[in-house]
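**Q** Start from the sequences and build out the full structure, keeping to the hints where you can.
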Amino acid sequence: MPKPNVQRTSNLLASVTDDMLGGELTSKLNDRTLRVESFLLDLVRPHPVQPRRVLPERIHQAFHQQQLTPTQALRELIQIVYVAARQHSRPFTNVLELLAQPEDESETPADLSPEETLLRDLVNLAVTIRDDGQVNPLTVVDATQGVTRLYRIETGERRYWATWLLRDFIPDSNSNGTIPCIVIPTERASVFRQAKENTSRSGLTAIAMARQAALLLLSVHGYEIPDYPVDNDFYRQALHLDLHSKREHTDMVLSAMGGIGKMHLSRFKALLRLSDEAIEMADRHAVDEKKLRYVAVMPQEMHAELLHQIITLKLTSKQIQDICESEEKVEDEIKEEQIPARAIKVARILQSVATTAPADVARALLRQEQGVHLALARIQSMRQLLSDTERLLEEE
Amino acid sequence: MSHVFVFTNHKGGVGKSTSATNIALGLSSVLKSTGASNARVLLIDTDSQGHATLVTTGRKDYGSKDSLYTVLMAERQSAAKVMNDCIVQSEWDENLHVLPASPMLEGAERELIGAAGAPYRISDPLSKIISHYAAVVIDTRPSFSLLTEMALIAATDALIPVEPRYLETVGLLSVISKINEIRDGWRIPDLKVSGIVVTKMDSRIKGHTQLLSDLKNHPALGKLVCGIIPANEAVSYAHNAHQSVFSYDPKASASRAYAELVVTLIRRMVQG
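Protein chains in written order, with our numbering: chain A, 527 to 922; chain B, 24 to 295.
Read the hints as simulated data drawn from the structure, not as lab findings. Here a beta-carbon is modelled for each residue, glycine too, at the ideal position from N, C-alpha and C. A couple of the hints might just be wrong.
[Claimed, not checked] Here are some of the chain A residues that sit facing chain B, going by a computed Cβ distance under 10 angstroms:
no.: 1; residue: L539
no.: 2; residue: R561
no.: 3; residue: D568
no.: 4; residue: L569
[As the list claims (entries may be wrong)] Negatives, chain B to chain A, calculated, CB over 12 angstroms:
no.: 5; residue: G137
no.: 6; residue: A141
no.: 7; residue: V198
no.: 8; residue: N203
no.: 9; residue: D207
no.: 10; residue: D213
no.: 11; residue: V216
no.: 12; residue: G218
no.: 13; residue: D237
no.: 14; residue: N240
no.: 15; residue: A243
no.: 16; residue: K246
no.: 17; residue: L247
[What the hints assert, rightly or not] Covered stretches of chain A (chain B as the covering partner; in silico rule of three or more C-beta atoms under 8 angstroms from a C-beta of chain B):
no.: 18; region: 668–675
no.: 19; region: 697–706
**A** Written out as structure tokens, the structure reads:
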């Protein structure tokens, strides 16, 4: 079959329209005014490299690797929250029950796990959308290729998840499965625009700021920002970059970061030295940069444990500073004795046994090992290690 | 609001599919050449014969999983997603997308008897994806069946292709009153008879010129005549080559006439 001659088609139609379409008509067709349009929820997707994470990291990665649909991702979140809530004797059968006031008035929102808080906030947002409508549209970028329609969210990922929650998990929602969006022309979309939108809102965690700083630095240094999910090593590439050789971009980067100074930018960037586990914990629990900066300079194998202590013991930045400085001294002494770092780590874990709940350990093990059998095998080898250690100590 | 043009007439062979396909391509090409922010046009083929599908996509083997039939049979909540997934790119232009017909549409009406919300099974899902398109063009089958009714419920502008023959022009008023009946019966205030497209016009035939003159002088129908497409062998050769008349023979009189009609429709789109 001969291929149609598209060029000839365009020439003919262009020659006719030049005479017939006046300038006014053409300018109306070229109208790039931003408009609110309703898009099918299925056609809208969050940006995988968005520094602000809405869902827990594991679900975020699985969702962006197409292993989970939006509904399945929310179901996973609800499952996590359900387990946590049941452990704290507040089971629920419907997500709307999360909005109910706790019977025990001494129980404050601070007692809720980060996932519980997240889901409760999303349900709250979903109910607001149900009752008052989506008054604040998302901003999206048209990433359509051929007939594969796709709109990438620039801002409004929480509203996106709340709308899915409303559609699939809240009874009698009457959601028609669409979401109002403002389409930003592709040429106007950039990491700087997104950064400004992000930093102008409250609630951006220190880790999100670190990722944001990394994206801006990578961008000004000519790195391509991918549209597929990336791990922390992608952001860590920015650890070797600075603004010295890109002075012309300095003001733009600092302004996009919310008007912070160069020193703050470096401090946020330095947080990318934290281990993956520590990054996830710090992001979930929204730990301050002031607290994290001391942890980031410690050896990586200590990060997760330190973060755990910061969160469970609610340590102040002063206390963290003291711990980290003393740890450094101990570290120096131990180095002299040539004790392997792994052994030191196990010994430190033993210090925090008294303050650790078995249920938490069980959940953490399940998450880490992705299965009961592997988790039980880990416990068994730990038991073996401890009994051997005990024997050695008794011999001493 | 995107305009949804439906080409309809219960008489066969009047140029519904030819007009729908060429107008759809014309709209997207003109919008693109004027630098419009959105130049995408969707062509929906509701005719089980699938002529519009065949010439624009080069295929007519669409079935239960990838055609309009799939959309009609989908669950209400997932119908828009299904419609989105069934749309394919035409071979004519990257901005012309096609929701293909299937021979299975022949039995679809029977299967949908008694189905909840059957008449809205095109308009409902289309309303959720329409913002992606600058315009939608629907080709219908030569009858006022349930599928044509669905197409009219989804439409904003009905265009009636008609040959300049006595009996056909006599039947025009009944076509218009049928469209108005659907508009009032289903309470679709946006739907209007937007124009009459006279096709296969041969000015050498005295009867054609006489009937065209009568049509233009008619107090009601005269205002509706929006395009006159001359009889032109380039149209049939273009079908044969699976090409639009614009690309097959841009100098043909039919190409120029369709291009003028495209401009008229774009003017209406812009002026609301």
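**Q** Now tell me, hint by hint, if it's right for this structure.
**A** Hint check results:
A distance limit of 10 angstroms between C-beta atoms decides the matter here; for A:L539 the minimum to chain B is near 5 angstroms, and the interface restraint holds. A cut of 10 angstroms between beta carbons decides the hint on A:R561: the least distance to chain B is about 9 angstroms, and the hint holds. Because the smallest distance between the Cβ of A:D568 and any Cβ of chain B comes to about 5 angstroms, under 10 angstroms, the interface hint for this residue holds. Of the supplied interface hints, the one on A:L569 holds, with its beta-carbon coming within about 7 angstroms of a beta-carbon of chain B, less than 10 angstroms.
Distance check on B:G137: its Cβ is at least 24 angstroms (rounded) from any Cβ of chain A, clearing the 12 angstroms threshold; non-interface status holds. The Cβ of B:A141 lies farther than 12 angstroms from every Cβ of chain A, with a closest approach of about 19 angstroms, so its non-interface assignment holds. Listed as outside the interface, B:V198 is consistent with that label: its C-beta sits roughly 28 angstroms from the nearest C-beta of chain A, beyond the 12 angstroms cut-off. Even its closest Cβ contact with chain A, about 29 angstroms, leaves B:N203 beyond 12 angstroms, as expected for a residue assigned away from the interface.
No Cβ of chain A approaches the Cβ of B:D207 within 12 angstroms, the least distance being about 25 angstroms, so the stated non-interface status holds. With 12 angstroms as the threshold on Cβ separation, the claim that B:D213 sits away from chain A holds: the shortest Cβ distance comes to roughly 16 angstroms. Listed as a non-interface residue, B:V216 keeps its Cβ farther than 12 angstroms from every Cβ of chain A; the least gap is roughly 23 angstroms. Here B:G218 stays apart from chain A, with its beta-carbon at least about 16 angstroms from theirs, past the 12 angstroms limit.
With a minimum CB-CB distance of about 27 angstroms to chain A, B:D237 clears the 12 angstroms threshold, and the non-interface call stands. The claim that B:N240 is not at the interface with chain A holds, since no C-beta of that chain comes within 12 angstroms of its own (minimum 25 angstroms). Remark: the non-interface label on B:A243 is consistent with the geometry, its nearest Cβ contact in chain A lying 26 angstroms away (cut-off 12 angstroms). Here B:K246 stays apart from chain A, with its beta-carbon at least about 20 angstroms from theirs, past the 12 angstroms limit.
Distance check for B:L247 against chain A: the nearest CB is about 20 angstroms away, which clears 12 angstroms, and the non-interface claim stands. For the region 668–675 of chain A, the proposed coverage by chain B is satisfied: 4 residues have a C-beta within less than 8 angstroms of a C-beta in that chain, meeting the threshold of three. Figure legend: the region 697–706 of chain A, annotated as covered by chain B; annotation consistent (3 residues with Cβ-Cβ distances under 8 angstroms, at least 3 required).
Of the numbered hints stated above, none is contradicted by the structure.
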